[in-house]
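Chain by chain, the residues run as shown.
2 protein chains.
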Amino acid sequence: MLLNCMRVINLTSAIQLKVLFTAQVSQQIHQLHNVGVTANLNLSCVNYIFPSPSMVKGNHHESMGLHFAMFLPTLYSQCDPQQSRKWIPLAESFQAVGTYAQTEMGHGTHLRGLETTATYDPATQEFVLNSPTVSSIKWWPGGLGKTSNHAIVLAQLYTQGNFHGLHAFIVPIRDMDTHVPLPGIVVGDIGPKFGFSEVDNGYLKLENVRIPRDNMLMKYAKVEPDGTYLKPPSAKLTYGTMVFIRSMIVGESARALSKSCTIAIRYSSVRHQSEIRPGEPEPQILDYQTQQYKLFPLLAMAYAFTFVGQYMSQTYHRISGDINQGDFSELPELHALSAGLKAFTTWATNSAIEVCRMSCGGHGYSRSSALPDIYVNFTPTCTYEGENTVMMLQTARFLVKSYRQAKAGQQLSGIVSYLNEPKHQRIQPQPVAARPTVVDINDLASLVEVYKQRAATLVDLAAKSIQQELQLRKSQEDAWNNSAVDLVRATDAHCHYVVVKLFTDKLGEVGDTAIHSVMSTLALLYALNGIKNNSGDFLQAGLLNVPQVLQVSIRVKDLLSQLRPNAVALVDAFDHHDKKLNSVLGRYDGNVYENLFEWARRSPLNATEVHESFHKYLKPLRSKL
Amino acid sequence: MLLNCMRVINLTSAIQLKVLFTAQVSQQIHQLHNVGVTANLNLSCVNYIFPSPSMVKGNHHESMGLHFAMFLPTLYSQCDPQQSRKWIPLAESFQAVGTYAQTEMGHGTHLRGLETTATYDPATQEFVLNSPTVSSIKWWPGGLGKTSNHAIVLAQLYTQGNFHGLHAFIVPIRDMDTHVPLPGIVVGDIGPKFGFSEVDNGYLKLENVRIPRDNMLMKYAKVEPDGTYLKPPSAKLTYGTMVFIRSMIVGESARALSKSCTIAIRYSSVRHQSEIRPGEPEPQILDYQTQQYKLFPLLAMAYAFTFVGQYMSQTYHRISGDINQGDFSELPELHALSAGLKAFTTWATNSAIEVCRMSCGGHGYSRSSALPDIYVNFTPTCTYEGENTVMMLQTARFLVKSYRQAKAGQQLSGIVSYLNEPKHQRIQPQPVAARPTVVDINDLASLVEVYKQRAATLVDLAAKSIQQELQLRKSQEDAWNNSAVDLVRATDAHCHYVVVKLFTDKLGEVGDTAIHSVMSTLALLYALNGIKNNSGDFLQAGLLNVPQVLQVSIRVKDLLSQLRPNAVALVDAFDHHDKKLNSVLGRYDGNVYENLFEWARRSPLNATEVHESFHKYLKPLRSKL
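Heads up: the sequence lines are chains A and B, in that order. Per the numbering used here, the first sequence starts with residue 99, numbered consecutively. Per the numbering used here, the second sequence starts with residue 99, numbered consecutively.
Watch out, some of these pointers could steer you wrong.
Derived lysine-lysine pairs resembling DSS-like cross-links, with alpha carbons at most 27 Å apart [unchecked claim]:
| # | chain 1 | residue 1 | chain 2 | residue 2 |
| --- | --- | --- | --- | --- |
| 1 | B | K184 | A | K717 |
| 2 | A | K291 | A | K678 |
| 3 | A | K392 | B | K562 |
| 4 | A | K562 | B | K630 |
| 5 | B | K722 | A | K291 |
| 6 | B | K303 | A | K572 |
| 7 | B | K562 | A | K630 |
| 8 | B | K184 | B | K291 |
| 9 | A | K291 | B | K317 |
| 10 | B | K392 | A | K655 |
| 11 | B | K562 | A | K655 |
| 12 | A | K572 | B | K317 |
| 13 | A | K562 | B | K499 |
| 14 | A | K630 | B | K317 |
| 15 | B | K722 | A | K562 |
| 16 | B | K303 | A | K717 |
| 17 | A | K392 | B | K655 |
| 18 | B | K678 | A | K291 |
| 19 | A | K572 | B | K655 |
| 20 | A | K677 | B | K678 |
| 21 | A | K392 | B | K291 |
| 22 | B | K630 | A | K678 |
| 23 | B | K499 | A | K655 |
| 24 | A | K722 | B | K184 |
| 25 | B | K291 | A | K499 |
| 26 | B | K392 | A | K499 |
| 27 | B | K722 | A | K184 |
Simulated restraints on C-beta separations [claimed, not checked]:
| # | chain 1 | residue 1 | chain 2 | residue 2 | range |
| --- | --- | --- | --- | --- | --- |
| 28 | A | E305 | B | E160 | 24 to 30 Å |
| 29 | A | E296 | B | P331 | 25 to 31 Å |
| 30 | B | D273 | A | Q660 | 54 to 60 Å |
| 31 | A | E378 | B | R495 | 17 to 23 Å |
| 32 | A | H713 | B | K499 | 53 to 59 Å |
| 33 | A | S372 | B | L510 | 25 to 31 Å |
| 34 | B | D273 | A | E296 | 46 to 52 Å |
| 35 | A | E696 | B | L510 | 50 to 56 Å |
Partner residues aside, some chain B positions facing chain A, computed with beta carbon under 7 Å [as the list claims (entries may be wrong)]:
| # | residue |
| --- | --- |
| 36 | M203 |
| 37 | P230 |
| 38 | S233 |
| 39 | I283 |
| 40 | G286 |
No lab work stands behind these hints, which were simulated from the structure alone. By construction, the Cβ of each residue, glycine as well, lies at the ideal position given by its N, Cα and C atoms.
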């Protein structure tokens, strides 16, 4: 009955919709199996603070998560044959339990700033590792505190008096038999965090720790016994892995968001509250326009990000063949795209999870909803693998470079080809409604065009800000910093354009009429709601006029009621099974209240009827009065 | 040295600035003492899920928090003299440990929907209390699960076959000597939550629980021995308390936000990272424009909300005298204002805390930063004491009512008097730049005016949406629901106007020139950044033209660098002492890294060098392979 109450007027079958995701699922499985064997990519320059969720086998919620997600893959990909023979059997048999220690207390995203040193001593053929300052103490790696007996340590290499930048070293940190820390090793847990209470994120201070020469991972760069340094064949090897991981995070955003939407939308069709019409029974809260307005744009976003995630991983796999052949030509564009989209999608998802949680009222605060856990597990993606603002500025650098190339007469190709077009000088103040307007707000192709023009306009605005700063005799660097707010805004508009474009492109692949129809509604909602929330940009650039912006607001409301009957089917189609979703509020059968009560009764505090605190605290307190 | 490095170019002394807050502090102390004795207000209709933080003495992080925050105050204010003599000594001596059980599994904000019943039985002169459905089980009250032996239960009263709505009853739930649950009582903990792990939020199911007639709190409404019901002298008594508590939450927003800004801004002057100019030392991250753009508008908001909080509590106290005399004339406006501002400030603060947390990079995720705790403790304010969207719509109801009164020729006074003005028919599509523009974006009075006009425009738009729906033959109720998105937007604009206005008004009280100057900069940043983020509204209504909006963006960047030298002094002025702030990142002395290491070393997991999991799990795992 409850199930019917949620699903009674579904025009679209969730089963039909699932077809859309089938390709993605097999693609993901393919990727997961591939991580360990992308042998020509090394992991030494991966920005991370926590391990990336669900990247490989193993689970980052476990203290041994990084053993599977980072330690083993790094050994697979960066050992030379002799090292492989030694270390891989030790790691696979858990004699060596390892983690990956890159981030330090004082430095995260800015890798060049890492301070840990590895100085080669040819006399003993050893590296001497040191944490020269408090801020150089390795900080955050999962499983480092208590679990691991080895760590792959990223350190600045010095040999023969020369500096060669970051390299990876296998450092034994605890005795493999007794698990006691080795001499010179100060290791421990960094203390309680926002979530992740099951993981012993740790610190590591190295005090003249000596390791044999062949503990440096030597598949690419090498240090010979006399201390001669041999550089790796290509510096770009590290680059591909970053792109890969950031591309994967876009898919993570889609998964976290689609889970949150599933919970909030199912619960909103089970929860009845207050009244719309006096005297009638309490309506499902999903019938309130405000609830629809909170959730349906996020549902549309979840679909959008799913398709963008698919695109990113397909594109990565398409060009990774070229990378294997040493052809890096497409990598800069993909690098820029993955950096910006990583930030764009994780920020949006981060806020969206909390909107979903709060849309469930009080019960959203209970861990039975699963939403608090989804949030604390997801939110680190905004910081790890490259802090989001830094990522936005990396993409901005590519955009400004492309813009300047276009200005200099070069013909751009790929996703930034819109910068070739001369129209983006429209930011000159002009009466908004005075311009001829050809935009059809019901036509996705037309909306893709206005998003594109908005991006062009904002890249232009940012580039002009830099120019103006330079004219004030500022240095290039200060001009860049004084325009950073505009640059982030330009990247945001660029990413927004890419997402709207990819969502629209995806519709071309949908043959089924009913699915095409509901997907078009979602895409339209995504695009129009984005215009509504950023209407100033579109008005300012003269891309839309005032009556059109008013129409957009009205149209968004229409689309909400249009989506209402399909909302539950649309989240069912994400196919998050109850066991994986692990949410009482988001149960497929809608039987929330009975199960909430059952869940509560199993609370650890209910193990005894009278809690020990009664005897321990309340009774003594009374007797003192 | 670190301290100097943060505070070297302060033009404004934090000590001078503190003067601004002195009035507030004494005001707050005054309020806290008053809660227990605002004798003519009862607490029976307070919407809550968790206890409101730091409202009275006691701390909501403790399981006995509600004993102090709700149980005792309710006894003080709602017992008749005979009841006072019995219950207050029991509660003050902790023989009776109590909580306040209103919210049910199925209903929170919508009080009329609560299902618990109290039916009077004149034969035994008892009330019989029941939880007739699963959804009627009391859910969430702090300390209910394990700590309390009494609960004030809100239940729908039936006597002599008639229904009289919600009333409060003292229900014994556990034996006062053995602490074992009494017959008919099913009580326990509701399980893990987002934060608040120290509190046993509980459930309570009542199965034909009989309590004596005089366990109904009878200061106002009464049930006589034969079952005759005597209604309370005024239904508005409950109304004042809601207004009071919501007004207090505005101040809570300011406190949580000012704490978060203190931590993030101090840490941003200690943290050095990356480079702006090549070859130079790593700059303080507060020198990055993007970091300033994240934090300084929030700093301005923290000041704004502080002043709004002061205003709300002053206004409440001003008119509570009138309320005591039975004059409720100003209450509807204050009610509307407190509902809207409660939602407006808590939503904004909720997002802002997370921006502050993420602006601290990886260390923001550590509980040593205090930011995760500030967030989980604050976020429930968006839901308790009235769910925010419901609150926004309550204010919208007042705005639309006032709008209609003005349309009907009535002269409005107070904060909505702007609806009298005829200008707000400007939403007709017109060329934006074609209108004469008299706004000075550097003049706060002028900006208050445009915020006012924006509010008027959006109230007008929402009212017209309702009108259009009615013309489509929709019922009043459906027309309201189909315009709810516009109504929330109108309330948002109204609240934004109020905040800008109150911040500007406050400047008039500041005599010191230096303080006046820096406060004006903050107020200007608050106002202009709000325009920047909502530029579509201002363009659409023809209040600003395109060149002005471009100027606003540039001016916001100017203000960021203008505030930079004073930023640390401005957070110092909030005067959050290290002990209260409890944040390693936000320490007054800036000595972050050493103390982060010290904090980590005290992590519970570091109590033993080799954790038991080594013997318990890793060794057996190895031996199995």
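Verification of the hints:
The straight-line distance between the Cα atoms of B/K184 and A/K717 is roughly 21 Å, inside the 27 Å bound, and the hint therefore holds. Note on A/K291 and A/K678: the hinted pairing holds, with a Cα-Cα distance of about 24 Å set against a maximum of 27 Å. The hinted pair formed by A/K392 and B/K562 meets the criterion: a straight-line CA distance of about 22 Å does not exceed 27 Å. A hinted pair counts as satisfied when its Cα atoms are at most 27 Å apart, and A/K562 with B/K630 qualifies at roughly 19 Å.
Our distance criterion of 27 Å between C-alpha atoms is broken by B/K722 and A/K291, whose separation comes to about 33 Å. About 70 Å separates the Cα atoms of B/K303 and A/K572, which puts this hinted pair outside 27 Å; it is violated. For a cut-off of 27 Å, the pair hint linking B/K562 to A/K630 stands: about 19 Å separates their Cα positions. For the suggested pair B/K184 and B/K291, the alpha carbons sit about 36 Å apart, so the restraint of at most 27 Å is broken.
For the suggested pair A/K291 and B/K317, the alpha carbons sit about 48 Å apart, so the restraint of at most 27 Å is broken. For the suggested pair B/K392 and A/K655, the alpha carbons sit about 31 Å apart, so the restraint of at most 27 Å is broken. With a C-alpha separation of about 15 Å, the suggested pair B/K562 and A/K655 falls inside the 27 Å cut-off, and the hint holds. A hinted pair counts as satisfied when its Cα atoms are at most 27 Å apart, and A/K572 with B/K317 does not qualify at roughly 73 Å.
A distance of roughly 48 Å separates the Cα atoms of A/K562 and B/K499; the hinted pair therefore is violated under the 27 Å criterion. The suggested pairing of A/K630 with B/K317 is violated, with an alpha-carbon distance near 52 Å, which exceeds 27 Å. Taken as a hint, the B/K722 and A/K562 pair is broken in the structure, with Cα atoms around 66 Å apart against an allowance of 27 Å. As the CA atoms of B/K303 and A/K717 are separated by approximately 26 Å, the hinted pair is consistent with the 27 Å bound.
Only pairs whose Cα atoms come within 27 Å are accepted, and A/K392 paired with B/K655 is rejected, the gap being roughly 31 Å. Among the hinted pairs, B/K678 with A/K291 is consistent with the structure: their alpha-carbon atoms are about 19 Å apart, no more than 27 Å. Between A/K572 and B/K655 the alpha-carbon distance is near 15 Å, which keeps this suggested pair within the 27 Å criterion. Between A/K677 and B/K678 the CA atoms are separated by roughly 42 Å; this puts the pair beyond 27 Å, and the hint is violated.
Only pairs whose Cα atoms come within 27 Å are accepted, and A/K392 paired with B/K291 is accepted, the gap being roughly 23 Å. Annotation: proposed proximity of B/K630 to A/K678 is violated, straight-line Cα distance about 42 Å (limit 27 Å). A C-alpha spacing of about 23 Å is found between B/K499 and A/K655, which places the hinted pair at or below 27 Å, so the restraint holds. Only pairs whose Cα atoms come within 27 Å are accepted, and A/K722 paired with B/K184 is accepted, the gap being roughly 21 Å.
About 48 Å separates the Cα atoms of B/K291 and A/K499, which puts this hinted pair outside 27 Å; it is violated. A threshold of 27 Å between alpha carbons decides the hint, and for B/K392 with A/K499 the separation of about 25 Å falls inside it, so the pair holds. A hinted pair counts as satisfied when its Cα atoms are at most 27 Å apart, and B/K722 with A/K184 qualifies at roughly 21 Å. Against the hinted window of 24 to 30 Å, the Cβ-Cβ separation of A/E305 and B/E160 comes to about 43 Å, which falls outside the hint.
About 56 Å separates the C-beta atoms of A/E296 and B/P331, a value inconsistent with the hinted range of 25 to 31 Å. Separation of B/D273 from A/Q660 is about 58 Å and conforms to the stated range, judged on CB atoms against 54 to 60 Å. Checking the proposed 17 to 23 Å range against A/E378 and B/R495 shows it holds: the Cβ atoms sit about 19 Å from each other. Taking 53 to 59 Å as the suggested C-beta distance range, the pair A/H713 and B/K499 conforms, at roughly 56 Å.
Between A/S372 and B/L510 the Cβ separation comes to about 28 Å, which falls inside the hinted range of 25 to 31 Å. For the pair B/D273 and A/E296, the beta carbons lie near 38 Å from each other, so the given range of 46 to 52 Å is not met. The hint said 50 to 56 Å for the Cβ distance between A/E696 and B/L510, and at roughly 53 Å that hint holds. Interface restraint check: B/M203 against chain A, minimum CB-CB distance 6 Å, threshold 7 Å, status holds.
Because the beta carbon of B/P230 sits about 13 Å from the nearest beta carbon in chain A, more than 7 Å, this interface hint is broken. Using the Cβ-Cβ criterion of 7 Å, the hint placing B/S233 at the interface with chain A is satisfied: the shortest such distance is roughly 5 Å. Interface restraint check for B/I283: the shortest CB-CB distance to chain A comes to about 11 Å, outside 7 Å, so the restraint is violated. Nearest Cβ of chain A to the Cβ of B/G286: about 4 Å, under the 7 Å cut. The hint holds.
Checked against the numbered hints listed earlier, the structure breaks hints 5, 6, 8, 9, 10, 12, 13, 14, 15, 17, 20, 22, 25, 28, 29, 34, 37 and 39; every other hint is satisfied.
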